[in-house]
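**Q** Sequence:
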Amino acid sequence: MRAEIISIGNELLSGDTLNTNTYYITRRLTELGIDVFYHTSVNDDVHILKDVIDISLRRVDLVIFTGGLGPTYDDMTKEVVSSTLGLKLILNDELKEALEDRFRKNNRKMTPNNLKQVYIPEGAKYLINEIGTAPGIFLEWNDKVIVMLPGPPKEMKTMFDKYVIPLIKQDNIIEEKIIKTIGIGESQLESAIEDIIKENKDVYIATFAKEGIVDIKIVVKGKNKDKLEKLLDDTIRKIRSRIGNYIYSYEDERIEEVVFKILKKKNMKIAFCESCTGGLIASKFTRIPGVSEVFDRALVTYSNTSKMEELNVSPDTLIKHGAVSKETAYEMAKGLMEKTGVDVALSVTGIAGPSGGSDTKPVGLVYIGICTKESSKVIESIFNGDRVSIQNRTYLKAFNELRKYLLLEC
-10 MRAEIISIGN
0 ELLSGDTLNT
10 NTYYITRRLT
20 ELGIDVFYHT
30 SVNDDVHILK
40 DVIDISLRRV
50 DLVIFTGGLG
60 PTYDDMTKEV
70 VSSTLGLKLI
80 LNDELKEALE
90 DRFRKNNRKM
100 TPNNLKQVYI
110 PEGAKYLINE
120 IGTAPGIFLE
130 WNDKVIVMLP
140 GPPKEMKTMF
150 DKYVIPLIKQ
160 DNIIEEKIIK
170 TIGIGESQLE
180 SAIEDIIKEN
190 KDVYIATFAK
200 EGIVDIKIVV
210 KGKNKDKLEK
220 LLDDTIRKIR
230 SRIGNYIYSY
240 EDERIEEVVF
250 KILKKKNMKI
260 AFCESCTGGL
270 IASKFTRIPG
280 VSEVFDRALV
290 TYSNTSKMEE
300 LNVSPDTLIK
310 HGAVSKETAY
320 EMAKGLMEKT
330 GVDVALSVTG
340 IAGPSGGSDT
350 KPVGLVYIGI
360 CTKESSKVIE
370 SIFNGDRVSI
380 QNRTYLKAFN
390 ELRKYLLLEC
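Using the numbering used here, you'd call the opening residue of the sequence shown number -10 and step up by one each time.
Hints may contain errors.
Cβ pair distances, simulated, as ranges [as the list claims (entries may be wrong)]:
1) ARG229 with ASP24: 21 to 31 Å
2) PHE197 with LEU7: 11 to 21 Å
3) ALA181 with ASP34: 28 to 38 Å
4) LYS114 with ASP34: 56 to 66 Å
5) GLU188 with GLU89: 28 to 38 Å
6) ASP24 with ASP204: 20 to 30 Å
7) HIS36 with ASN234: 53 to 63 Å
8) LYS315 with THR15: 40 to 50 Å
Don't read these hints as lab results, they were simulated from the structure. None of the values given here were measured: they were computed from a predicted structure. C-beta atoms are modelled at their ideal positions from N, C-alpha and C, and glycine is treated no differently.
Turn these sequences into a full structure, and let the hints guide you.
**A** Have a look at this one:
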């Protein structure tokens, strides 16, 4: 199936609004095995939109519109599509009743132009809008499928996932898996699994890079569930054999969530002491529900004085090696563990920049210390980027090193 996404609105072409809808729909369609051939943005002009619709219906099987379903005069998607296809707009009593009820419940007066939203093209299905007032439209016309969705991203995403996808995929079974990797770049990862990506047209594999993380999305589609599950498992096994050392999860979860699960399983308590990350590591960790089961406390020991007072770092160590050093990171973690009595302590010290670096200690130099009662480890890293980027990469590195340490040493 060939698809086109048509985004409607002057604000998209003027640059006032970023078109995130097209990105989202394209990703979701690709996961379903539907090829998106065209992205089209058009302003609020009846004649231009009609021309775009005519062209689209000649070249694709699935046309998805976003925007232009509201109550104002320039919201005209339904009207122009219906006119182009030679269909009448019919008042839908269910939609009218639901809209009136919503206004009553919100103690708002419904204006006449709101009734515009309860008309749908003859033969179409309406899609419930659980957030806003503009319903979506699903229409099968000749051998084409036409979908009209509201422009606000939250409304569009909810409607697309809940209603459009089941209608598009119909009797097809879709199995998918996310593989989360860390410590490997996207180009290096793709090179390692390039032949696996290309070897089977029934398997869709794509990589998505974020700062420090690369996700691998695997999607298989067909009608036999057992065969699909075997195909998915075989693909995962092949990928694991190539890049297993970089995989931290086979679920769509953050690295800190994996660390939390390991700590919980091992019945261990942890504490953090941070310098250059300024509490970022603790902040990320405490977003996890139930984290109090494993988390004792966190300290931000930014100054040398705080490192000495709170963590018992030796003044001689700071004078001889500096605050950003392997020795200081070790003493920070060791001091925190002794102070709190936790099972594992993690320390971070580094130079996040943009100033403060030197030839021997450049901006981006970071030391991560991990200490338990039985052993300890300090990891040196150098990260590129601005201050925020260095802090984010440090937080990811810290949790990944902690994950590996807990699995191998504890």
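**Q** Could you say whether the range 40 to 50 Å given as a hint is met by the Cβ separation of LYS315 and THR15?
**A** Holds, since LYS315 and THR15 (Cβ atoms, about 46 Å apart) stay within the stated range.
**Q** Is it true that GLU188 and GLU89 lie within 28 to 38 Å of each other by Cβ?
**A** 56 Å, violated
**Q** Okay, ALA181 versus ASP34 on CB: inside 28 to 38 Å?
**A** Distance hint for ALA181, ASP34 is violated at roughly 48 Å.
**Q** Do the Cβ positions of ASP24 and ASP204 conform to the proposed distance bound of 20 to 30 Å?
**A** At roughly 21 Å between Cβ atoms, ASP204 and ASP24 fall inside 20 to 30 Å, so the hint holds.
**Q** Kindly confirm whether 21 to 31 Å is satisfied by the beta carbon distance between ARG229 and ASP24.
**A** 28 Å, holds
**Q** Is the hinted range of 53 to 63 Å satisfied by the C-beta distance from HIS36 to ASN234?
**A** With Cβ atoms ~58 Å apart, the hint holds.
**Q** Is the gap between the beta carbons of LYS114 and ASP34 within 56 to 66 Å?
**A** With a Cβ separation near 28 Å, LYS114 and ASP34 fall outside 56 to 66 Å, so the hint is violated.
**Q** If I claimed the Cβ atoms of PHE197 and LEU7 lie 11 to 21 Å apart, would that claim hold in this structure?
**A** Holds - the Cβ-Cβ distance for PHE197 and LEU7, about 18 Å, lies within 11 to 21 Å.
The structure fails to meet hints 3, 4 and 5 from the earlier list, while all remaining hints are met.
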